[in-house]
Amino acid sequence: MKKIKSILLLLAIALLPMQLYAGEKSGGDLNITNIVLEHLSDAYEWHIASYKGKSLSVPLPIIVKSEATGEWFFCKSSTLPKQFFFDECHHGKIYEKMPDGTITRPIDLSLTKTAVQIWIVVTILIIVFLTCARWYKKHDEKSDAPGGFVGVMEMIVTYLNDDLIKPSIGENHYKPYAPYLLTVFFFILTCNLVGLIPIFPAGANVTGNINITFLLAIFSMILINVFGNRHYWKDIFWPNVPIFLKCPVPLMPVIELFGVFTKPFALMIRLFANMMAGHAVILSFTCVIFLGWSMGVGFGLGLNLFSIIMLLFMNLLELLVAVVQAYVFTLLSAVFIGLAHQEPEAE
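Okay, so the sequence shown: first residue is 1 according to the numbering used here, each after it adds one.
Some hints here could point you the wrong way.
Said to hold, decoys possible - Think about it this way: if two alpha-carbon atoms lie no more than 30 Å apart in a straight line, the pair counts; the simulated DSSO-like pairs of lysine-lysine are: (1) Lys-166 with Lys-234; (2) Lys-175 with Lys-263; (3) Lys-246 with Lys-166; (4) Lys-54 with Lys-76; (5) Lys-263 with Lys-246; (6) Lys-82 with Lys-65; (7) Lys-234 with Lys-263; (8) Lys-166 with Lys-138; (9) Lys-175 with Lys-137; (10) Lys-97 with Lys-137; (11) Lys-82 with Lys-97; (12) Lys-234 with Lys-175; (13) Lys-137 with Lys-93; (14) Lys-93 with Lys-76; (15) Lys-93 with Lys-82; (16) Lys-97 with Lys-76.
If you are wondering where the hints come from, they were derived from the structure by calculation, not from laboratory data.
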């Protein structure tokens, strides 16, 4: 019974910021689409809650360079110079109006919500890894077995290295790629888990931002193709298929070359779509609570019970998805790298 009460209390605390935000809209029009999109999109300030028409937000530093004067500006959104403006048609990004009336995108090095969340995740990972490294520095790993948190980390790293990375890439080639794949796994996992906590300074949907997943996919693409062996490239440009599939029309080479780009594309879209959809569904069910009360007490009680059950289910499901997506991205990257190091079959 105590565990059930603790779970319900944690769920209530986790949903409080979203309830406060939606509570402001419950007396009027509740625009669920805008609420969901605002949570999923990046921003130049960190919105925490809204109450009685007032918004509680943490302003983030804006750093832009004027294309007209070449001057750098360091400010917050409320003190942004007049020539700059936020273009809602381009996801609220900063644009500059030039003296001749044209609109241009200035050099923007601002710390947005996603960028700040990434630095928080990086800080968490550095603390975790240095804590584990300090334990191994003080103990003899041959005689002392780590316990507690360090033991859990060793178990995860050992499993990923021995049962995922090594079999996927091959025993002769896996070592140079293991640090990257382990880093990617823990980065994605931590981003996913922190993104499920809707309390400042967490809750930003980092892996639901296609720019982040695009960059991660590009890193994997570089490792796959830059360090691929000769047999890998031979299979792309001159695969072992009947000659009429290669000449005079290079049908198979074109298909194989197309696969060079579809592999990282699949990595990018799979992670982005799953994490974005999960956050959207959770926030939508939260908004249903306030939508029900605006329709009357009967609807409110019924939809409240339905929404709470679905929210609990979706949060538990997203917790599973957070781990699975980090694992799948690492697994597929390892498999694709392994394919780039395959040896020619013996005839």
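Can you name, in rising order, the numbers of the hints this structure does not satisfy?
Structure breaks hints 3, 10 and 13.
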